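Engineer: Here are the chains, one letter per residue:
Protein chains: 2
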Amino acid sequence: MVDFEAFFKITYGLFIVSSGDKTKGNGFISNTVFQVTADPPRFAVCCNKNNFTAGFITRTGVFSISILEQDTSSEIMGRFGFRSGRDFDKLEGMSLKYGETGVPIVLNASIAYLECTVIQTIDTGTHLMFIGELVQSAVLDNSKEPLTYLYYRQVKKGSAPKNAPTYIDKSKLEALKSSGPLKRYKCTACGYIFDEEKEGIKFSDLHDSWTCPVCGSEKSDFIEV
Amino acid sequence: MVDFEAFFKITYGLFIVSSGDKTKGNGFISNTVFQVTADPPRFAVCCNKNNFTAGFITRTGVFSISILEQDTSSEIMGRFGFRSGRDFDKLEGMSLKYGETGVPIVLNASIAYLECTVIQTIDTGTHLMFIGELVQSAVLDNSKEPLTYLYYRQVKKGSAPKNAPTYIDKSKLEALKSSGPLKRYKCTACGYIFDEEKEGIKFSDLHDSWTCPVCGSEKSDFIEV
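Chain order of the listed sequences is Z and H.
Residues 1 to 225 in the working numbering are what the first sequence lists, from first letter to last.
Residues 1 to 225 in the working numbering are what the second sequence lists, from first letter to last.
For reference, chain Z alone in the conformation it holds in the complex (with noise of 0.2 Å):
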């Protein structure tokens, strides 16, 4: 018996885990950051294989973390947690700093970041795991509490996008939920929602182009609600 409701009692924060160079780079938001050992200071981030980040850490070796504030805005969430990196480039136009290595930090809505450089990258099935040494680490605001999961699923009404490790799929998680008569539906970026009888349009016959009014996220990334 597998009850997925209490893979969501392990607590996560949220981060944007980035990586490249000074001409190019991409990230995206990531809930599985964790320290593994504490001398020397080492990280693991875990990484879907059809990440574009993941590529980028593949070929440079280097990636950081931001650790996000919990009030995090739904623009940062939606462009970095539900946006490809192949399709624009999300780091134009944010506040960027260069590390020791050159990676890319994002310092938007960020309370502190990490700098790493890749020892060892773990197959763990649809997953990459890169575990990285560290090089530079700092606090950039001590007023403000972490983004968690909890908080993001519970007070922003967010959930995991495709590609995280802890994402459930669609038809599992509505196989358990009994699905009331209710035509709306929720963006899963940034917990807008589209109600069919306030809109005076079937969400399926909008546009396959159209995008969430909020956020930008993608139609595919609406659930019904």
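Please note that the accuracy of each hint is not assured.
Identical chains blur together in the list; that is why a pair holds if it fits in one copy or across any two.
Unchecked claim - Straight-line C-alpha distance at most 30 Å; calculated DSS-like pairs for lysine-lysine:
1. Lys162 with Lys144
2. Lys183 with Lys162
3. Lys22 with Lys202
The hints are simulated quantities; they were obtained by calculation from the structure and are not laboratory data.
If you're wondering where the values come from, they're calculated on a predicted model, not measured in any experiment.
Based on these hints, arrange chain H on the given structure of chain Z.
Structural biologist: Frame of chain Z; chain H shown alone:
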């Protein structure tokens, strides 16, 4: 430049990771439990090589994760987090369930649990990372919040045991602090304060076998505050 305070901005939960079989087992407090793939669900736990439970996981190939509730008592934290199973049977007297693999699962203070079989073991230096495939999972109490490391540090005033990946060497930590003339010592397990003025005896004069009156941690688990 390495700012250790940045490490504390990473959010973690707190868990009892157990292993063994129906005849003998052990468990320890871990803050590094995380999902590494969604399909099939796989979970990773980090474990110091000196940790008594590491031997059980290596020998039996199974482990369980008990997700602790926010109000976990200092007795449970002290028993599983700051004392070794080499010295006494941690599981004796606990509320246990044996999983499908026969692994013991601690139910005390737990809101959910997961049972896994090891499919991969990774050497990260001082620690081993075990990656396990899910056998079963269950929610035990949906009404309670999970315990986070931040809550434990801020509200319970606890810190990491010395085998934890997030442990910071006291000498390093104290070099960071401007040490005043205070002569008070804190139990790193439960937060109990030994005040020399109140007790009328110097902490250094206490016998080496003296233990924390609240949670039973050893004298060496106290730090000057």
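Engineer: It remains to establish, for every hint, whether it holds in the given structure.
Structural biologist: Quick rundown of the hints versus the structure:
1. Lys162 with Lys144: For Lys162 and Lys144, the Cα distance is within 30 Å both inside one copy (28 Å) and across copies (28 Å).
2. Lys183 with Lys162: within (22 Å within a copy, 53 Å between copies)
3. Lys22 with Lys202: neither (44 Å within a copy, 57 Å between copies)
Consistency with the previously given hints fails for number 3 only.
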